[in-house]
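Undergrad: Sequences and hints are given; from them, build the entire structure.
Quick note: to get the numbering used here, add 572 to the position in the sequence shown (first position is 1).
Bear in mind the hints are in silico, worked out from the structure with no lab data behind them. Keep in mind that this is a model prediction, so the values were computed, not measured. Think of the CB as a built atom: it goes at the ideal place given N, C-alpha and C, for glycine as much as any other residue. Incorrect hints may have been included.
What the hints assert, rightly or not - Taking CB as the label site, the calculated pair distances span:
| # | residue 1 | residue 2 | range |
| --- | --- | --- | --- |
| 1 | 791 | 759 | 45 to 51 Å |
| 2 | 583 | 764 | 38 to 44 Å |
| 3 | 760 | 705 | 17 to 23 Å |
| 4 | 625 | 788 | 49 to 55 Å |
| 5 | 641 | 766 | 22 to 28 Å |
| 6 | 620 | 772 | 42 to 48 Å |
| 7 | 641 | 704 | 37 to 43 Å |
Said to hold, decoys possible - Calculated cross-link-like contacts (lysine-lysine; reagent style DSSO-like; alpha-carbon spacing at most 27 Å):
| # | residue 1 | residue 2 |
| --- | --- | --- |
| 8 | 764 | 818 |
| 9 | 764 | 686 |
| 10 | 701 | 686 |
| 11 | 686 | 700 |
| 12 | 764 | 632 |
| 13 | 699 | 632 |
| 14 | 701 | 818 |
| 15 | 632 | 590 |
| 16 | 686 | 632 |
| 17 | 632 | 700 |
| 18 | 699 | 818 |
| 19 | 700 | 764 |
| 20 | 700 | 818 |
| 21 | 686 | 590 |
| 22 | 686 | 699 |
| 23 | 699 | 764 |
| 24 | 701 | 764 |
| 25 | 818 | 686 |
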Amino acid sequence: MLGDAARQDALDFDAGMKYNPDYNFLLTPFVLYGLPACYLVAAISGHFLMRNAATPSWVKPAMQLYNIAQVVLCTYMAVGMWPATFPNFPNVFGIGTEYSAAGEWFILVHFLSKFMDWCDTLWMILKKKSSVQMSFLHLYHHATIGVVWGFLLSLGHGNGTAQYGAFINSVTHVIMYTHYFVTGLGINNPLKNWVTTWQITQFYSCFLHALCVLFFLPSMEVHFPRQLGWLQFCYHLTMIYLFTFKLRWVPSFLKTGDELAKEAAAAKKKRTAKAH
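TA: This is the structure:
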């Protein structure tokens with residue numbers, strides 16, 4: 573029992589991956605923190621550089637190929653992590669799941685896929701939609717989620733019950749990119765609103781997962797440290813807040829004077845209508 577308690581509380585910052593040590597070079601500080609910083613600089617710089625440029629003709633077919641690649645990759649991850657989740661009903665979160673080579677491998681793939689997700693930002697910029705779609709939520713999530721998964725792997729805890737978060741996110745991405753592919757063909761998807769609802773549900777389920785690890789079923793989890801449960805708890809609090817209240821908030825410095833003027837006029841009109 574003492575061993576379990578120590579395993580819950582002690583973090584080894586030099587642990588790295590146990591089952592895939594040859595890939596620990598992917599968990600260096602430059603990859604975990606430097607690349608996300610470069611991503612933010614590139615995203616903001618690209619936004620301004622594309623203001624007066626034309627959208628390349630190859631963007632739409634490239635996006636469709638990207639959507640297909642995402643669906644295939646995310647299906648691979650979801651199928652791979654499925655055994656650690658819903659087949660264990662009612663323990664769908666896989667709390668107490670033993671660490672395994674397969675679990676670590678699929679979380680490693682999931683971590684690497686977060687860099688692929690940066691193409692979402694590229695498409696926004698190239699399509700000149702970044703002043704509307706490149707919200708704070710978008711930049712925050714894309715810059716930080718890879719850090720979180722890489723941090724877990726670097727501590728040797730990208731495994732076990734952590735598979736639930738990677739699994740449900742992979743399922744969500746299969747739904748999202750299938751939707752993007754269908755609408756990219758010019759087909760109206762009547763389930764569009766359900767896609768957003770599913771995304772929000774995903775964040776709440778991960779938040780509930782953290783609550784189970786920390787408060788509801790702590791005695792069942794003897795592998796995943798409580799500190800990392802708190803990390804998940806806090807991160808998903810920010811995601812729920814942003815997705816619920818700040819979904820489309822785009823920082824004003826990314827907008828042109830005309831766009832800001834239009835927003836101000838619309839807000840004034842709305843206030844006037846309420847007053848009457």
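Undergrad: Are the hints correct? Go through all of them and say.
TA: Results of checking the hints against the structure:
1. 791 / 759: 45 to 51 Å: holds, 50 Å
2. 583 / 764: 38 to 44 Å: Once the Cβ atoms are compared, 42 Å apart, the range 38 to 44 Å for residue 764 and residue 583 holds.
3. 760 / 705: 17 to 23 Å: holds, 19 Å
4. 625 / 788: 49 to 55 Å: Given range 49 to 55 Å: holds, Cβ gap about 52 Å.
5. 641 / 766: 22 to 28 Å: holds, 23 Å
6. 620 / 772: 42 to 48 Å: violated, 31 Å
7. 641 / 704: 37 to 43 Å: With a Cβ separation near 25 Å, residue 641 and residue 704 fall outside 37 to 43 Å, so the hint is violated.
8. 764 / 818: Holds - the C-alpha atoms of residue 818 and residue 764 are around 19 Å apart, at most 27 Å.
9. 764 / 686: Since the Cα atoms of residue 764 and residue 686 sit roughly 23 Å apart, the hinted pair holds (cutoff 27 Å).
10. 701 / 686: holds, 21 Å
11. 686 / 700: holds, 22 Å
12. 764 / 632: With a Cα-Cα distance of about 20 Å, the restraint between residue 764 and residue 632 holds, given a limit of 27 Å.
13. 699 / 632: holds, 9 Å
14. 701 / 818: holds, 18 Å
15. 632 / 590: At roughly 41 Å apart (the allowed maximum being 27 Å), residue 590 and residue 632 break the hint.
16. 686 / 632: This hinted pair holds, its Cα atoms lying about 21 Å apart.
17. 632 / 700: holds, 13 Å
18. 699 / 818: holds, 23 Å
19. 700 / 764: holds, 22 Å
20. 700 / 818: holds, 21 Å
21. 686 / 590: holds, 21 Å
22. 686 / 699: OK: residue 686 and residue 699 at ~21 Å, within 27 Å.
23. 699 / 764: holds, 21 Å
24. 701 / 764: Distance of about 19 Å is within 27 Å: holds.
25. 818 / 686: holds, 22 Å
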